[in-house]
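Undergrad: Numbering (our numbering), first residue to last: 10 to 609.
Think of the hints as simulated: they come from the structure by calculation, not from any bench.
Check each hint, because a few of them may be wrong.
[Unchecked claim] In silico DSS-like cross-links for lysine-lysine, where the CA-CA straight-line distance does not exceed 25 Å: (1) Lys198 to Lys560; (2) Lys591 to Lys331; (3) Lys302 to Lys288; (4) Lys427 to Lys441; (5) Lys459 to Lys393; (6) Lys609 to Lys351; (7) Lys351 to Lys362; (8) Lys494 to Lys270; (9) Lys95 to Lys109; (10) Lys195 to Lys551; (11) Lys540 to Lys154; (12) Lys103 to Lys126; (13) Lys427 to Lys380; (14) Lys242 to Lys153; (15) Lys551 to Lys362; (16) Lys242 to Lys257; (17) Lys198 to Lys239; (18) Lys239 to Lys153; (19) Lys50 to Lys302; (20) Lys118 to Lys242; (21) Lys362 to Lys427; (22) Lys609 to Lys331; (23) Lys288 to Lys126; (24) Lys153 to Lys258; (25) Lys443 to Lys393; (26) Lys288 to Lys50; (27) Lys50 to Lys331; (28) Lys257 to Lys153; (29) Lys118 to Lys198; (30) Lys393 to Lys441; (31) Lys609 to Lys591; (32) Lys198 to Lys551; (33) Lys95 to Lys553.
Please read all numbers here as calculations on a predicted model, not as lab measurements.
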Amino acid sequence: MRFGRISKAIGLAAAAALALSACATQGPGQGTSPTGQASAKQGGTVTIAEVNGFSSFNPGTADGNSDVNGHIGYATHSNFIYIDNKLNIVRNEKFGTYEKVSDDPLTVKYTVNEGVKWSDGTQVSAADLLLTWASGSAFYDDAKKDPNTGDIVSGTVYFTTAADTSGLNLTEFPELGADGRSLTIKYSKPFADWELAFGTPGNGGVDIPAHVVASKAGLSDTDALVDLLKGIKRGDPEAQFPANETLKKVAEVWNTAFDTKTLPADTSLFLSNGPFVVKDIVPEQSLTLVRNKDYTWGPVPHVDEVVVRVIGQAPAQVQALKNGEVDIIAPQASADTVEQIKAVPGATLLEGKQLSYDHLDLNFSGVFADKDVRTAFMLTVPRKDIVDKLQRKIDPEAAPLDSQLFVPDQAAYAQSVKDNGSSAYQDVDIDKAKQLLNGKEPEVRILYNKDNPNRVDSFSLIRESAAQAGFKVVDGGLGASDWSKALGNGTYDAAVFGWINSGVGVTGTPQIFKTGSGSNFNGFSDTEADKLMDELVLTTDKAKQDELQQKIDKRIWDSSYGLPLFQSLDIKAYSDKVDGVKQMANQTGAWWNIWEWSVK
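Full structure from sequences and hints, please.
TA: This is the structure we're talking about:
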């Protein structure tokens with residue numbers, strides 16, 4: 010259930026395509042770092058800057074799927090695995106264990122250790138695992154969708170997950186163990202990402218307590234929830250039946266009850282089963298985490314408190330670092346920002362490539378329902394100018410990204426670019442765009458984060474160039490805390506944002522590009538691409554995965570989907586007051602080893 014996430018500066022992960030290999034390793038024990046180093050100084054407060062404001066305690070929903078929500082989810086939850094900064098899957102056997110019981114059929118048993126608890130003292134149980142399975146499997150859905158748009162025409166979708174449901178949808182109803190802490194799932198076919206099926210903390214993992222959902226939905230207890238889920242048969246679009254109203258209530262709680270910009274008076278809505286608990290939120294300004302004193306089932310943090318400050322602008326983040334107002338920053342990359350960080354006394358700069366990319370997506374409806382209009386607009390996008398303005402100063406070798414599914418440091422990138430048709434959009438071609446428009450002057454409303462300088466610059470350059478072909482581009486920019494929720498709501502024609510992912514697995518591809526998927530915001534639908542993605546999630550051979558994704562990449566380009574702009578650069582910096590901050594290219598960012606942060 011690993012999925013791409015809308016990122017602070019970009020939107021989110023390209024990375025649907027970033028199918029990098031990973032190996033499973035044993036997790037760290039209490040009091041040591043993953044590298045086995047001795048314990049650092051205990052106690053103190055670390056302050057970190059985030060670009061966007063917090064908005065949901067459930068980052069697994071389509072609306073809650075943002076980077077800051079995922080970071081808070083990561084700090085407040087634990088799971089069977091996490092991903093380290095070498096993109097290895099690390100088992101956390103202090104939380105629980107999972108075992109492949111059989112290869113044919115693929116069968117996996119999960120067991121949560123006794124004593125692993127929610128912060129209200131409730132044992133993390135098989136019911137929690139079952140709810141995670143139910144919300145990530147689409148098992149009960151029977152919706153029929155328009156093959157051209159992905160819109161629901163009949164039937165029901167219960168849980169509005171951001172994740173791709175292809176993998177867990179291959180499973181039967183799970184078997185719950187007599188111990189109340191184990192669950193066994195059996196797949197009808199092989200599943201490439203089986204080891205990621207229950208996600209990672211804050212990223213589709215065991216993040217939402219079943220006993221709270223049951224209570225809020227009007228059920229007596231988790232046994233009633235389990236009985237409800239057990240008593241409803243698998244949904245079938247070809248044999249629809251009336252929606253189960255009780256399950257709709259359960260799903261609605263999961264979908265919306267944990268969305269908030271303030272700290273709820275009801276503490277059950279922000280329970281933790283991880284190293285930290287949220288103590289305070291000042292909307293759009295700050296969030297405070299304090300150590301979960303009962304937490305022993307995973308890497309135990311050194312610090313007692315983490316304060317998150319919302320600082321959208323890169324110069325303001327650097328100034329806050331210089332003033333000692335924050336200890337860790339991850340601002341949007343630019344040459345100016347790098348130079349400013351280098352001038353901060355005692356600051357350490359970390360640089361690298363992110364598993365993310367900026368892109369322009371065109372809706373397959375409204376003004377862009379006509380493929381010729383989509384193609385014409387793509388021909389006006391000044392990708393080289395955008396890269397020159399936003400990336401070249403910090404990375405002299407920066408170039409437009411020519412794949413929707415791969416980035417240049419992947420072996421499959423060059424071959425995919427050779428075959429996918431991206432060569433038609435290397436340069437702006439206003440004359441050809443005019444020919445395709447044939448005198449029309451379409452109005453195009455573009456959604457973007459108006460508080461993000463890179464987004465503003467990209468929008469301005471696109472608008473200026475598109476106007477030369479006759480397009481009337483309307484500014485649809487929204488603020489940092491609002492733009493991502495507008496994705497997919499039909500109020501715009503195109504969007505400039507980005508994707509960032511975990512760097513492991515392949516299910517990010519159907520999450521974004523499959524007909525009707527939770528993160529398919531622009532209505533892209535291609536029957537052949539869907540078939541290829543169905544095959545992809547069943548394929549364990551890396552070379553075959555690359556081959557399938559190259560074919561999918563071509564189908565996306567052939568459809569005039571939109572344009573990838575550039576792979577994002579990653580910069581982080583931290584002050585000499587703290588230790589333990591390490592580079593990480595994926596969506597977890599600096600938070601990936603929060604337990605190693607310490608105050609000198």
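Undergrad: State for each hint whether it applies.
TA: Now the hints, each set against the structure:
1. Lys198 to Lys560: 22 Å, holds
2. Lys591 to Lys331: Distance ~19 Å between Lys591 and Lys331 Cα, so the pair holds.
3. Lys302 to Lys288: 13 Å, holds
4. Lys427 to Lys441: 22 Å, holds
5. Lys459 to Lys393: Answer holds: Lys459 to Lys393 is near 21 Å, not above 25 Å.
6. Lys609 to Lys351: 21 Å, holds
7. Lys351 to Lys362: Within the cut-off at roughly 18 Å; holds.
8. Lys494 to Lys270: Answer holds: Lys494 to Lys270 is near 13 Å, not above 25 Å.
9. Lys95 to Lys109: At roughly 24 Å apart (the allowed maximum being 25 Å), Lys109 and Lys95 satisfy the hint.
10. Lys195 to Lys551: 23 Å, holds
11. Lys540 to Lys154: Roughly 16 Å between the alpha carbons, so the hint for Lys540 and Lys154 holds.
12. Lys103 to Lys126: 12 Å, holds
13. Lys427 to Lys380: 23 Å, holds
14. Lys242 to Lys153: 17 Å, holds
15. Lys551 to Lys362: Given that 25 Å is the threshold and the Cα spacing comes to 22 Å, the pair holds.
16. Lys242 to Lys257: 14 Å, holds
17. Lys198 to Lys239: Holds. Lys198 to Lys239 sits at ~22 Å (cutoff 25 Å).
18. Lys239 to Lys153: Holds, at roughly 23 Å.
19. Lys50 to Lys302: 17 Å, holds
20. Lys118 to Lys242: Holds, at about 22 Å.
21. Lys362 to Lys427: Between Lys362 and Lys427 the Cα gap is close to 23 Å, so the pair holds against 25 Å.
22. Lys609 to Lys331: OK: Lys609 and Lys331 at ~17 Å, within 25 Å.
23. Lys288 to Lys126: 18 Å, holds
24. Lys153 to Lys258: 21 Å, holds
25. Lys443 to Lys393: 20 Å, holds
26. Lys288 to Lys50: Holds, at roughly 23 Å.
27. Lys50 to Lys331: 23 Å, holds
28. Lys257 to Lys153: Distance ~17 Å between Lys257 and Lys153 Cα, so the pair holds.
29. Lys118 to Lys198: Holds, because 16 Å separates the two Cα atoms, which is no more than 25 Å.
30. Lys393 to Lys441: Roughly 18 Å between the alpha carbons, so the hint for Lys393 and Lys441 holds.
31. Lys609 to Lys591: 16 Å, holds
32. Lys198 to Lys551: Given pair Lys198, Lys551 holds - Cα atoms ~18 Å apart, limit 25 Å.
33. Lys95 to Lys553: Satisfied, since the Cα-Cα distance of roughly 23 Å is no more than 25 Å.
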